[in-house]
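Chains as they are written, first to last, in the numbering used here: chain X, 685 to 1338; chain V, 4 to 304.
I should point out that these hints are in silico values taken from the structure, not numbers from a laboratory. Among the clues, some could well be false.
Pair by pair, the computed Cβ-Cβ distance ranges are [stated by the list, open to error]: (1) X:Asp999 to V:Glu97: 57 to 65 Å; (2) V:Val284 to X:Gly1163: 48 to 56 Å; (3) V:Lys237 to X:Glu1009: 39 to 47 Å; (4) V:Ser37 to X:Glu1009: 41 to 49 Å.
Short derived list, chain X residues pointing at chain V, Cβ under 10 Å [claimed, not checked]: (5) Ala888; (6) Arg1041; (7) Lys1074; (8) Trp1269; (9) Glu1272.
Since the structure is predicted, the reported quantities are computational estimates derived from the model, not experimental observations. Beta carbons are placed, not taken as given, at the ideal position from N, Cα and C, and that holds for glycine.
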Amino acid sequence: MNATREIFWNINGHGIIYFLFILATIAFGYGIFRRYYLWRRGRSANRNDQKWVRIKLAVGLVLGHERILRKRQEGIMHLLIFWGVVTLFAGTIMVALQADLGLKVMEGRFYLCLKPTLDMAGLATLVGLLIAISRRYLKRAEGLDNQSTDGIVLALLAGIIVSGFIVEGLRIASTHDQWGTWSPIGVTLAGALGSVDRENLVAAHKILWWTHAALALGFIGYIPHSKLIHIITAPLNTYFRSLDAKGAIPALDLEDDAVKSFGINSLEDFTWKDLFDADACVRCGRCEIHCPAHLAAKPLSPKKLIQDLRTHMADEGHVVGTIVEEEAVWACTTCGACMEQCPVLVEHIPKIVEMRRGQVLMKSNFPSELNLIFRNAESNGNPYGLGQAKRSEWANGLEVEIVSEGPAPEYLYWVGCAGSFDDRNRRVSAAMAGILKLAGIHFAILGNRETCCGDFARRLGNEYLFQSMVRENLEILNGYGITKLVTQCPHCFNTLRNEYPQYGGNLEVIHHTELIAQLLKSGNLKIKSKLGGTVTYQDPCYIGRHNDIYEAPRDIIEALGVELAEMRGSHNESFCCGAGGGRMWMEEHTGERINVKRTEDALCTNSQTIAAACPYCLTMLEDGIKFKDMNNKVRTVDLAELVIEAVRGKGDFR
Amino acid sequence: MNETGLNIAVLVAPVHDCRNPVLIDPVRKQVDPSSLHWILNPPDTIALEQALRLRDRIPRSGVRVVSVAPPSTERVLRECLAVGADELARLWDERIEEADTHSIAALLAAVIRSGPVDLVLAGWRSADMEHAQTGSIVAELLGFPQITCARSVEPGRDPAHIRVEKRIPGCLLAMSCALPALVTVEKGPPLRYPRYSDRRNAWRTPIRGLDLRAIGLTEAPQSRLRVERMTPPKPRRRSAIGDGANMPVAARLQRIMAGGAQAKKETNVHRCPDRSSTLKVIEHILKERLVVLPEKSGNGR
């Protein structure tokens, strides 16, 4: 006998289903259209090129849950619900194919395979839901804020699954379905209901069948009116992801005379993708619990920023000062923790930088201390406000070649403003020059012709200043035919490598940790004496998260013979020192000091040495150490300084 | 003048940025022009900001920037337009290259006279020659009352007056002055940073370049003052306390007071403060409450 079941057993007037289905479709369609209309208000942006690359990347993120699974518990929770619901939805389609199109799919071996599969999918969903409920209401996991819609969504899903199981159990119990054993959960429930008389079973079945159907259709209708819209928007958002280098802020055309407004001033200045982002956000809070500004009690939360955008998407008028708090716009360190964590690839930093652009370029409204910094950089090519003529002072007596018309050096050593003007970081530059010499590399510096790379100006929204710096630097670099650069500053590194190409730069840039790691590996740089002791390493945001360089610095530490004690939050979960995104040049008025928080993390490792690979990190952590009055016990160094110690063999260091 | 608001003229001088040395071209034995780094004279920028604030508060007012400067400084002068000055008048003639302060002031006064003016603002001195005379001479030539070294310039009790504040030892002096007048400004809020859109417009605004003929002169005013020699000062020995940057503040202070610190051998100076200066440091610290002494128990001192 062929295995199958009667589809509308015990159901009269199932035609009503179609009517309900049309209602759900209208609710769904209307909701989606309303949001679509709002997305369309944004400016244009091309996010549909390289289709196959996009699809390939999206498949891993959506079907494979690559990002979501980074957090174990909630990852598994979502995986179970996702695949459970997808499978059950597919099962429902099978039913529809048979009932409405007359295709005989619910028969034979396929039907018998389908039954346990759907039961397991339901069970998986239920387990996922239980984890979700416990996380949200019992554990009250950090990052989550509970709104009524969260409860409704969970209740809807749980209702659909539970009613589905019971309907199945009732049907098996009342029809004595001979294939019932293929539905393990259904048959178990049927067994439990065995003692109830058939009449009641049939009546209960009818009621619950309709409940199940109504809940399922209600779910569909509810999708675009709740965070469930992410079922549609999140996969699309991963498809529409930015394919540019991670560390690059999108370019801005300042030359175009037709453009009257730069940056984001009103809601229409966002791109459609910015607005779409807001509808992909599910308020999971992963951005928030990794955001240094938020954790240090500043008025910025990346989650709130995106959610406020969503709430006010239909509004008119200004963004900064109304939808987004002014101080929040300036609190961001552009460390990228939010974007690294976001499972649906919301792009927070470009929005914040665009808002800063609007404030600086169109309103000249920014924290007052920046006035001096911008002017310093304009008149002297560096934010420190020291004379450009002092730029190469650090190299006095070190016999460092300054680039000239002669044959181009193998590497141009890009010292950066910190390495040139900051007393502490000048020592790192000296160490770097020593390393390059000992490794026998032919290198030169630009000397006083080097100008700030523009990282801070761009991230503070002063695109005019940034572009004038880029032009100046590219003119000089191209004039000397320079293509290979090494730098100890992750900010210079990222900007030269990822942002200069936007203005015609074609530079091969390497961070000093990468170069040193290569030199140690190839034997061009030999370690005379291993150092010993323990060291903890601060992953700088701009080589770590923004450029995925995590191993080179650790290879160096290993080669030095030093034990590495990782801090709470390392690699892509590293916590910013607080100086990125131009915050180096701003006062910290509200909340805790970010660098002190990070210093506390470092001190927790009980290492004698804190190693950085970024001049800003070095400054911030050293300040933190002084603040904690630990500078007699713990020292802060750049990796290059450790390397030069070991290579010169100046003995043991503790 | 009341119906039309306030006509403000601001004297602005481009000066060489002293943070960078002037380089001499050894071949041509001239100043290497690429080493000349023009900036707006910093006190003048403060005067300009005061003028802009006044204009923003008094309707129908205008700010006119007046400068005696060569064409090569036009780029930096445009900054005045970018921040919101309504007009820029730049006077230059090759014959005035060697002008002294008095003749520059005479030229400025002539340019100012060429238009309506109620108030002239200027920085109290220039960052290059530091004579601190230009404003005063212009006032005398125009026959205006003058107030020097102001801290703030605000609208007065009636439209024919302005209110000027300046600080003198121990107190703040508020004055009222009948217009027209000239005020030199010493301190105040920094010059606003231009919007990009304004900056872009400023690039396109034509600058009225004046020569001597345009102000009705046939010859440059006679210079009666001549610079005979400029001698760079001997480099000052660094008296910083070299190392110890890693030490906590208290330990560092202790070290300084104990007689200075041994600096690195390249910076070979370490001045030892004598006993009196040590006492002064201690007095200062206690007065400013930089260190709070623990409360002593009992009545022992």
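Structure-based check of each hint:
At roughly 60 Å, the beta-carbon separation of X:Asp999 and V:Glu97 lies within the given 57 to 65 Å, and the hint holds. Range check, V:Val284 to X:Gly1163: Cβ separation about 52 Å, and the 48 to 56 Å hint holds. At about 54 Å, the beta-carbon gap between V:Lys237 and X:Glu1009 misses the expected band of 39 to 47 Å. Look at V:Ser37 against X:Glu1009: about 46 Å separates their beta carbons, and that is inside 41 to 49 Å.
Taking 10 Å as the C-beta cut-off, the interface hint given for X:Ala888 is violated, the closest approach to chain V being about 71 Å. Satisfaction of the interface hint for X:Arg1041 is found here, the shortest Cβ-Cβ separation to chain V being roughly 9 Å, below the 10 Å cut-off. This hint holds: X:Lys1074 has a C-beta 8 Å from the nearest C-beta of chain V, less than the 10 Å allowed. Because the smallest distance between the Cβ of X:Trp1269 and any Cβ of chain V comes to about 14 Å, over 10 Å, the interface hint for this residue is violated.
For X:Glu1272, the interface hint is violated, the least distance from its beta-carbon to any beta-carbon of chain V being 19 Å, above 10 Å.
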